[in-house]
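Chains as they are written, first to last, in UniProt numbering: chain A, 1 to 234; chain B, 1 to 115.
Just so you know, these hints were derived from the structure itself, not from any lab. Just so it is clear, CB atoms sit at the ideal spot from N, CA and C, and this is done for glycine as well. Where hints are given, some of them may not hold.
[To be verified] If you want the footprint, here are the derived chain A segments under chain B, 3+ residues with CB under 8 Å:
| hint | region |
| --- | --- |
| 1 | 190-200 |
| 2 | 227-234 |
[What the hints assert, rightly or not] Straight-line C-alpha distance at most 30 Å; calculated DSBU-like pairs for lysine-lysine:
| hint | chain 1 | residue 1 | chain 2 | residue 2 |
| --- | --- | --- | --- | --- |
| 3 | B | Lys85 | A | Lys68 |
| 4 | B | Lys85 | A | Lys113 |
| 5 | B | Lys85 | A | Lys164 |
| 6 | A | Lys115 | B | Lys85 |
| 7 | A | Lys68 | A | Lys85 |
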Amino acid sequence: MLVSVYRYNPETDDAPYMQDIHIDIPGGKDIMVLDLLQLLKDKDSTLGYRRSCREGVCGSDGMNMNGKNGLACITPLSEVVESDKLVLRPLPGLPVIRDLVVDMTQFYTQYEKIKPYLINETPAPAIERLQSPVEREELDGLYECILCACCSTACPSFWWNPDKFIGPSGLLQAYRFLADSRDTATSERLADLDDPFSVFRCHGIMNCVSVCPKGLNPTKAIGKIRNMLLSQAT
Amino acid sequence: MVTSITSFGRSGLYDWMIQRVTAVALAAYTIFLMGYMLFTPELDYQQWKELFECTAMRIFTLLALLSLAAHAWIGMWSISTDYIKPTGIRFLFQSACGLLTFIYVVWGIQILWGV
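Chain A on its own, in the form it takes in the complex:
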């Protein structure tokens, strides 16, 4: 099969380019894209990409495969290859450090803005802050986010305003803390989000839902944040 990989080494290349590599898959098996990358690296050791857990937990190997963001380690070739061709690019919108490795600073800055930790000013109980099973269920579909950035880098609103729009991933996490029964900073959190960019740049096109490798729904969480803002307004 033919693999076309985005290559860019700022130390030696003037501009990024696509490198076409023909490769035979051993035994014609349906391997994961990450395994294919390893085969490519065996051929050309200068190819750079991030990887760690190789099972969709760490979120390191988010990339654009034949036009769709996803995690290379849990994406089988059969899911993305078309006409025996695969185009691999770095996550769109973020600055490229080298080849498939992007600079995630803007993404993490937005995540930091939503204060991704429990805030509770009441005195800590002797053992722990308890939640009822119903309260705990509110966090399902939110806490599973692995911050791989597949969603935010698939979002045009994030491409145009990565410094102002929190992005789907950050907003999913924002709602994770707004929905937490143990957090007492709800009104402060909401006040920080009520500007024309942070939340309201989302136009609900749902690219984030379409690409999330964990099957989460940031658009739904953003809708819930909007409803919370509405219900506390006069």
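Dock chain B against chain A, hints included.
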């Protein structure tokens, strides 16, 4: 919190609500006009003039006109902040949109009450 001084109401929630409310007003006006034209197949200038001489229709049309102005401003503001990055050029574009919207509103009122 991102500070914005050129958006319609400075609050994202306010702009969002205005965008929805004005959309409902514009949809109602469009449906009414389409219905009127559908149920008045022999529509002539006299009937059209009488329709717009009616105070209720003038209020409804003015509502639609103001809704269009607010809706368009929020939309054009969003587009300009997405695609025009240099502040000076963006401000110029926004000023042109604002001026044009104002002209259309005044002109529209003049036409409406000139019937």
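Checking each numbered hint in turn, tell me which of them this model violates, lowest number first.
none
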